[in-house]
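*Asks:* Sequence:
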Amino acid sequence: MKIIVPMAGRGSRLRPHTLTVPKPLIPVAGKSIVHRLVEDIAKILKEPIEEVAFILGDEAFFGADVVESLEDLAKGLGAKASIYRQDQPLGTGHAIMCAKDSLSGPAVIAYADTLIRADFELDPSADAVIWVKQVEQPEAFGVVKLNQNTEIIELVEKPKEFVSDLAVIGIYYFKEVGDLKKELQGVLDNNIQNGGEYQINDGIKAMMANGKVFKTGSVDEWMDCGNKDVTVETNTRMLGFLHNDGEHLVDQNVVLDNSTIIPPCFIGENVVLKNTTIGPNVSIGNGCHVTDSTIKNSLIQTYSQIKNANLDNAMIGNHVSYDGKFTSISIGDYSVLE
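The opening position of the sequence shown corresponds to residue 959 in my numbering, with each subsequent residue numbered one higher.
These are calculated hints, taken from the structure and not from any lab test.
Honestly, I wouldn't trust all of these hints.
Here are the simulated lysine-lysine pairs, DSBU-like style, with alpha carbons at most 35 angstroms apart [what the hints assert, rightly or not]:
1) 1038 x 1186
2) 1033 x 1133
3) 1140 x 1170
Cβ-Cβ distance ranges computed for the label pairs, FRET-style [said to hold, decoys possible]:
4) 1209 x 1155: 40 to 48 angstroms
5) 1178 x 1019: 29 to 37 angstroms
6) 1283 x 1016: 37 to 45 angstroms
7) 1233 x 1121: 52 to 60 angstroms
8) 1121 x 1244: 40 to 48 angstroms
9) 1232 x 1078: 44 to 52 angstroms
10) 1168 x 1058: 17 to 25 angstroms
11) 1283 x 997: 19 to 27 angstroms
12) 1063 x 1263: 42 to 50 angstroms
13) 1063 x 1214: 45 to 53 angstroms
14) 1121 x 1228: 46 to 54 angstroms
All values derive from a computational prediction rather than experimental measurement.
All residues carry an ideal CB built from backbone N, CA and C; glycine is no exception.
Work out the full structure: start from the sequences and follow the hints.
*Replies:* Here you go:
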């Protein structure tokens, strides 16, 4: 089994945090989005992963440190890491075809801006599976249309009239991903574009037209990381899941000086808390110092200094110095607010 992970986008909706760090490497509950996604998929599949192929943007933004972290991720699964580049933002189908040398055999394709909680088995009767989640406002999503045999017969983007309430979440399984490769090559060769981009959906529709059977897979939880507010919400939900799973989330070397931690919280290595109340639903990365503060429902990355803060629904980057009374904030890396 292979896992193909397109992650070339810069994550403009999550700025300022993605000005210096690619969105898939933003931490949620102490671990980057892409690490959580790939490890969770591998765990769900319950079979060996032979290769993880990552499609990155330009080297200036997705540099050697990013490549090294992704190679370590694949190695931790006992898999080979393959690194590809998408130099131009030409769509989901184009991104997948940048990894065409890895497009053979069974594979899962997963976009690295979402997290899931699920427990499922692959349907052996299906040529492909598209994972979906029932939603209350299907007009805001791409949805699937099913026939009486519960096979997917159509993909509809943001339907104005009701088609179904099963939203596509961006995770796909192909029994033979070479079939998708063949159809996407046709999309590129014939310059079939939607919104000025080459889309995976056009390859999938061609597979359906050629008789390939698509089924749905369902997930228990689908968590977005598209912007600051939903990323903080996802951090909260993930902390709750990990806490209920019994995971140890607070490093044993945290310094507590007249301070309290209200679970669930993730607290990284070498964190110092002084005259501070943390939690619930807070993630604090390695090396942070927090003084005279109250923080809840927030995500703070690494090596930041927080003083005199009363934070709720906040997201703070790496190496930030913050001293103030604002509440719901979003501060990128290396910022100083005093």
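*Asks:* Honestly, which of those hints from before does the structure not fit?
*Replies:* 11
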